[in-house]
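There are 4 protein chains.
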Amino acid sequence: MPPAHPFDFDAVDADKLHEECGVFGVIGVTDAANFVALGLHALQHRGQEAGGIVSYSPEDGFNSARRFGYVRDNFTSVSLMETLPGALAIGHVRYSTAGSKGAAIRDVQPFFGEFSMGGAAIAHNGNITNAEALRRELIERGSIFQSSSDSECIIHLMARSLQRDIPARMEDALRRVEGAFSVVAMTRTKLIGVRDPLGVRPLVLGKLADGGYVLSSETCALDIIGAEFVREIEPGEMVVISGGKVESRRPFRAQPSKFCIFEHVYFSRPDSIIGGRSVYETRRQIGVELAREAPVEADLVCPVPDSGTPAAIGFAHESGIPYGMGIIRNQYMGRTFIEPTEQIRNMGVRLKLNVNRALIRGKRVILVDDSVVRGTTSRKIKEMILDAGAAEVHFRIASPPTAWPCFYGVDTPQREKLLAATMSEDEMREHLGVDSLKFISLDGLYRAVGASEQGRNNSCPQYCDACFSGEYPVEPADMIEKGFKLKTAAE
Amino acid sequence: MPPAHPFDFDAVDADKLHEECGVFGVIGVTDAANFVALGLHALQHRGQEAGGIVSYSPEDGFNSARRFGYVRDNFTSVSLMETLPGALAIGHVRYSTAGSKGAAIRDVQPFFGEFSMGGAAIAHNGNITNAEALRRELIERGSIFQSSSDSECIIHLMARSLQRDIPARMEDALRRVEGAFSVVAMTRTKLIGVRDPLGVRPLVLGKLADGGYVLSSETCALDIIGAEFVREIEPGEMVVISGGKVESRRPFRAQPSKFCIFEHVYFSRPDSIIGGRSVYETRRQIGVELAREAPVEADLVCPVPDSGTPAAIGFAHESGIPYGMGIIRNQYMGRTFIEPTEQIRNMGVRLKLNVNRALIRGKRVILVDDSVVRGTTSRKIKEMILDAGAAEVHFRIASPPTAWPCFYGVDTPQREKLLAATMSEDEMREHLGVDSLKFISLDGLYRAVGASEQGRNNSCPQYCDACFSGEYPVEPADMIEKGFKLKTAAE
Amino acid sequence: MPPAHPFDFDAVDADKLHEECGVFGVIGVTDAANFVALGLHALQHRGQEAGGIVSYSPEDGFNSARRFGYVRDNFTSVSLMETLPGALAIGHVRYSTAGSKGAAIRDVQPFFGEFSMGGAAIAHNGNITNAEALRRELIERGSIFQSSSDSECIIHLMARSLQRDIPARMEDALRRVEGAFSVVAMTRTKLIGVRDPLGVRPLVLGKLADGGYVLSSETCALDIIGAEFVREIEPGEMVVISGGKVESRRPFRAQPSKFCIFEHVYFSRPDSIIGGRSVYETRRQIGVELAREAPVEADLVCPVPDSGTPAAIGFAHESGIPYGMGIIRNQYMGRTFIEPTEQIRNMGVRLKLNVNRALIRGKRVILVDDSVVRGTTSRKIKEMILDAGAAEVHFRIASPPTAWPCFYGVDTPQREKLLAATMSEDEMREHLGVDSLKFISLDGLYRAVGASEQGRNNSCPQYCDACFSGEYPVEPADMIEKGFKLKTAAE
Amino acid sequence: MPPAHPFDFDAVDADKLHEECGVFGVIGVTDAANFVALGLHALQHRGQEAGGIVSYSPEDGFNSARRFGYVRDNFTSVSLMETLPGALAIGHVRYSTAGSKGAAIRDVQPFFGEFSMGGAAIAHNGNITNAEALRRELIERGSIFQSSSDSECIIHLMARSLQRDIPARMEDALRRVEGAFSVVAMTRTKLIGVRDPLGVRPLVLGKLADGGYVLSSETCALDIIGAEFVREIEPGEMVVISGGKVESRRPFRAQPSKFCIFEHVYFSRPDSIIGGRSVYETRRQIGVELAREAPVEADLVCPVPDSGTPAAIGFAHESGIPYGMGIIRNQYMGRTFIEPTEQIRNMGVRLKLNVNRALIRGKRVILVDDSVVRGTTSRKIKEMILDAGAAEVHFRIASPPTAWPCFYGVDTPQREKLLAATMSEDEMREHLGVDSLKFISLDGLYRAVGASEQGRNNSCPQYCDACFSGEYPVEPADMIEKGFKLKTAAE
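Residue numbers (UniProt numbering), protein chains in the order written: chain A, 1 to 491; chain B, 1 to 491; chain C, 1 to 491; chain D, 1 to 491.
Quick caveat, the hints were computed from the structure, so don't treat them as lab data.
Be aware that one or more of the hints could be misleading.
For identical chains, the list gives no copy identity; a pair is met inside one copy or between any two copies.
Distance condition first, Cα-Cα at most 25 Å in a straight line; then the derived DMTMM-like pairs of lysine to aspartate or glutamate [what the hints assert, rightly or not]: (1) Lys16 to Glu59; (2) Lys16 to Asp306; (3) Lys16 to Asp73; (4) Lys245 to Asp210; (5) Lys485 to Glu297; (6) Lys482 to Glu59; (7) Lys380 to Glu228; (8) Lys487 to Glu132; (9) Lys380 to Asp210.
Keep in mind that this is a model prediction, so the values were computed, not measured.
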């Protein structure tokens, strides 16, 4: 029996971790908002719930449009884009956070504030781990919050700064803020980009042929507008771009960087380049590592589409087992906003994925997926594969067990919902009912991303891997206040 | 410079041939319309412009809903689906035809007619080649047409039949009709399926666990609702399903069948089964044939996503050259309805595809695509690949040159717009500016689809391959009247 | 307690008889559809549910737009009106009929048919009393109906006529049709107007300064576009307007005319002119008659707004009792489409009307209303007046008791719902709980409309007054088949 | 020729002064928001552009909905009203101000602020004359404004107050504010109402049968929900309603009151009661005074509908000249938001008003209107009346010449656009081209509203009549800063 309202959800994606945001900004081009729309379209995988653009022109001042839904369904109409004139614009795409009860347009960024020296808009990727304490303090002092977003703290802190120019106010504000943030901001004349001292979330600088500058979460969004990739904004760096010049500032105390290793595994697009490496190549290399770490005799290496594809190609290449599309993805799935029950979530995978029965029948199949979160989708896929007549099913996972929630801008279930938080690898294998289940080791992952031949430097890890290790580089203050327990020495 | 309204089109798909319709029907289940919605969702690749569902319940009679846009964006709301009660329903998805000036909701099927013995609804996949002559005759006799669709002739012919039951009227009507048709129809008590004598378009029969029956363009839509694949409706067969029984009739004179070979190449979903073969496997085999027919030294086999992927996997496997994702497709592209200019069409590929630059750089790349229609997209892709630093670019095409328009339910450009209609393979290679360009031979294609080891039986071809060969199994009467020239003996 | 969803209905209007349609057409002006939109806006009181316009231009052919809701909310957008080019256009506004289960856009006129000699569109005001018999016959012969409207018969009869030009086909068709009809139609070159032989519904001819011609249900719609009133189309007349010429035809056998007397009482706008008399003046005169027929001592003459106003002015003038606005109407009520329960209908008057308490308190009040249908509103108004402290309440009704349904294009409740069908005047007074209740006499009404000093000619009444007298000038064949009982000699 | 897009405006109303807001609040009833919707519907004449409702329930907290358009078109859907649960709710309707460039939903009230002791919402009728100075100061200190509304100052002043409960913060805030304000506010447990010390705008208290309390701009909105009128909130009074008790506070220094005299003339609904008098009766009395002050021989007294009607009734009664509806108003006009040109505004009256030609022809007509603002509509009406064949046209205006803009919450054109600011009565008569033109005298108006038999007390006027006299009871500080010149001794 199909569900009564069959498409109320997006079953496969619902069982993934989700990047919560993408940011993009352009200065120095005619109709900057059109470039931002294109950039956000290329960053849509970082946030599908809503998007917003703010632009500025001397004649029309600041203008803003915020919409639920895909960039292509909103920021494509002539009539809307004409309301966003000017040579300077920033934008934001966001994913809805699991806990929020009903999305509201007032939570959609960029956020805007009018100060005595002029207006500013900010777009934030990441998560402020002391946002609730800051919000309480600001309300106590008379600030009125318009959204439930942690990011709104930044603009209120800027409003209250005594500095006389906006970049300086932004430095003031961001020094009060803890957690992960890559921020793109704009004033009437400046495009500003900042990464937190650990550099948890990405942010890159690009340049257009005719002199404009671009800030973007990922390089794939530079490609779409034909911008040249200049460099990554460095952890703890602020760039202020104006009059064709890029000024670099260092508002924070220097620290060892902790880039999110999951950006390599899943969040970033495979055609983006991080740390000088193609994300696709890194993922393929994860497949190679996995084939070395956890080989198995089989007839077919089959990706769970689409995120498992590069690792499956690597696994097949390294193992010599033929690669094939055993699971076909429906191209016409969208994203909807109604929260499905656990039961419907199980049922729903079939709406998006179908088994290529003729290929699978009688074969020993290796399924390569990027991660296991709740395990609900994995279980369903295994059932579909067995129903189609597979002889054996082996799962190979391109990341270590996800045992801890992320508090730095990723939508993760509560810890107890994470399969790996409550089960060992063996228990998971049994729970999923597969012939074998193997995750790449943490060291294997570090090798694949090119950190070091030795793998992870346990005394000072080269990346933030809190979701695997439980080692949080920034203490999640708000969450601890709410009762979250950090990893104990015993664990 | 990005285009002013950046997403007004769908650049890659615009340079493909397009199946114009998918049909689906269910009898014998509660809330049949929900099953139809799921089935149409699985058939969405056969028509993205619009969809419609008609249902019947004894209490509420016939109800109908027709909408522009994707199935998942319309036939998902509780309030809409509640208007379609009953245990019997049929549905249709359609693609807009190139020539039509503006889409109108009245052109969206199913079409409905109230006769003295009760109502009937029909959904038609294919094209009636003598529709214009029939329409003139029917108007002369007092019929009032509501749409510009060729399919509407069928319901008017049924209305005028002197037969006293609806299936018999349908036989009457379809014997007047020439061309290609797979029709799913319903009365108050019967679900009916028919294929034209040549069996140009597909139609399959499925069965649900609890006794319901299903008719569908493809088997992939049986999978989504958990129906078992029973068999294909045979060319020239009519099935009348009622009271849990499937009655088979043969209203037409028997003829050798001419199934559309392009369904194997591109139209059908890879997880569908046609003639007992997985479409995916056929496409992979085309890649194998192509690697044998047209080998080349290279470093990377790279599909043009997504339709070129199975053939590329086959090519890589046969040739031993590594397979890799050199081109990344943006998952968030949709379909829009504004007709782009040729110039914008060239520019627009970048909105959907991006090159995986790090993978491509310095490599000799074999690009595997399913077909070349106008050639505009192929040229653009070649440029992107070269810009990214490829050393050589070799095109391998999984179908023979498309040199003739289809008149049997496929949206093709006029003959003079088809690259292969005006250029030899060599001229095309030069026009596209690639290092080599090879199409699979017609015999190779026939081998890959499993027709015969010898390939095509030229005295009586096993398939309709008019788009490649110019040999039309049914004379396109309306088009000839409008001036279309059939292939001459000299050609 | 207010109702849960407070505005789901339109309480006062719900207890009125309702004209079902207004028609309008223009030929010989640039952008004829704009004129039609204005005309329909002026005729909105004749039908608020939906409206439609068809236009023709040689370049663009026939175009059509049909919408639910007010004219001003639809036919006002540049983008819509630009789709209706040409110098010839017709339009229609309609009221929903009580019995229809859910309105459908396919029931909205004008109806269009493509014939072998070209297309035609028709807009019909009235009701065809043998429509169901005709529909059965047409379906039997192979016509496919698109709507549930009686008016669609006309276009199918035209389609099947053997005449070679469209006006002749229309004559053929209308000679088959019984009942009341004022039709405006168009071909590619002609604007056509017809009234049934009895002339039950109005239709007038106007002329624009620059040579264009206009057909309209009422003269008030000529005023809005600055057209000069030429004359009424006569009962049984067809006018064919083309090339600046008005040709008059007589397709029907001559009969004594039977114009609807309720057009004078309520349906027509007070600023329209019928039979050479201002409707406002006629209504004022009804008030004068009423004051003579049914005087009463009182302090205040108060209209039930807005339809009772002219008669109240006449009553006050004749009686010498001061006129005052004791009931204030909320200007912001609209029309909605949800069917209210009888209970909610009672409650709802207060949403539209409020008592001017300070004026009413302690006074003997004469309330002048145009008619009593179900009596629900009258009762509620009486209660509001008494709650506000009136000393006495006297109802004076500007029409005789409405005891019979209309079958000629007016939405009336079933006979048993009409208060006057089941109660004598005295019983009604008691039921309403007022100090006195008087209806104008049938003779008084005939005097007021200027028919004759003697009143009604009972042997051959000058008007159709079936709703008062039960004497139907055309036998309502379909209704009789369904069980409706005509007045017996005993009644 | 009709205008190209015929309904882009509302010609008659465009030439009136407009009240900018209505406010309404309820405490102590189930589903308070439904009551507020009804109340706002009854207050729709005070603001047609947009409306908003905030409700509070302990389970769901504060909820808010703000919409453009009529109350009945928005706050009627079950699904919307279900989002506004609770026993406490306030609402607001607003008119767009002439100067604002494009309406934004963020300008629609109520405004909401979350403070450390809980949330509060406010709805404001009136205008703060020092809002711009306050806004500058608040921004300087770090407040971020969300709207362009003057009313937002109040909530920011409250946020910054050091008082520990919300009513006390409101007192703090309102003591900083100059101008006219009637405010309805709510906390989680209290409904609050305040009028400024002069009591420029109205605010009344009502009581529901089952113990709930109501605050409303006018008494007519008490009637619709069946609430009993208790009393007016006094100038300078704050009422805090909670737990079934009404506490009265006096936060401001006492001053002589200055109620807006134009509320009597035009803004308030005729069925409301102000200062113990029916507004209808006051307007009728103005007509009586006018007939005494400015008699003229004529055949017909005719109101300019609908606002001139009560005065016309009074004029006819006092003069003995028959009253008649010489101008008929189209009931189906709505309000649209596109700004018409002066030229179109002239043309457009005909869309809303039509002359009752048969009544007017050959008569000497007295037209009674409530006011003359720009004079554009008056001129057009005069033309229509003369075109219809009137022998003479005499204008009688139920207010003195409007020569000064209002800065206390009324939308008035700039001073130079007011006809009376630049012309004497004689020049106006000539400009309008009428046979005579007379305004009621200021003393006559004061007599009619019942202020005193002697009329206006010039040393301390009993009302605010700044729009007539140029004597502003509160200095319009922001406007003076922008260059507005107060009346000089010489004027």
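Hint by hint, here is what the structure shows:
1. Within a single copy, Lys16 and Glu59 get their C-alpha atoms no closer than 45 Å, and across copies no closer than 32 Å, so neither meets the 25 Å cut-off.
2. Taking the closest pair of Cα atoms, Lys16 and Asp306 come within 25 Å of each other both inside a single copy (12 Å) and across two copies (23 Å).
3. Taking identical chains as interchangeable, the C-alpha atoms of Lys16 and Asp73 lie at most 25 Å apart whether they share a chain (24 Å) or sit on different chains (23 Å).
4. Taking the closest pair of Cα atoms, Lys245 and Asp210 come within 25 Å of each other only inside a single copy of the chain (13 Å); across copies the shortest separation is 65 Å, beyond that limit.
5. Taking identical chains as interchangeable, the C-alpha atoms of Lys485 and Glu297 are never at most 25 Å apart, the minima being 41 Å within one chain and 58 Å between chains.
6. With identical chains, the CA atoms of Lys482 and Glu59 are at most 25 Å apart between copies only, with a shortest distance of 21 Å across copies and 47 Å within one.
7. For the identical chains of this complex, Lys380 and Glu228 are inter-copy neighbours only, at 19 Å across copies versus 43 Å inside a copy, given an alpha-carbon limit of 25 Å.
8. Taking CA atoms no more than 25 Å apart as the test, Lys487 paired with Glu132 passes inside one copy only; the shortest distance there is 22 Å, against 54 Å between copies.
9. In the homo-oligomer, the alpha carbons of Lys380 and Asp210 lie at most 25 Å apart only across protomers (22 Å), although the nearest pairing inside one protomer, at 51 Å, exceeds that limit.
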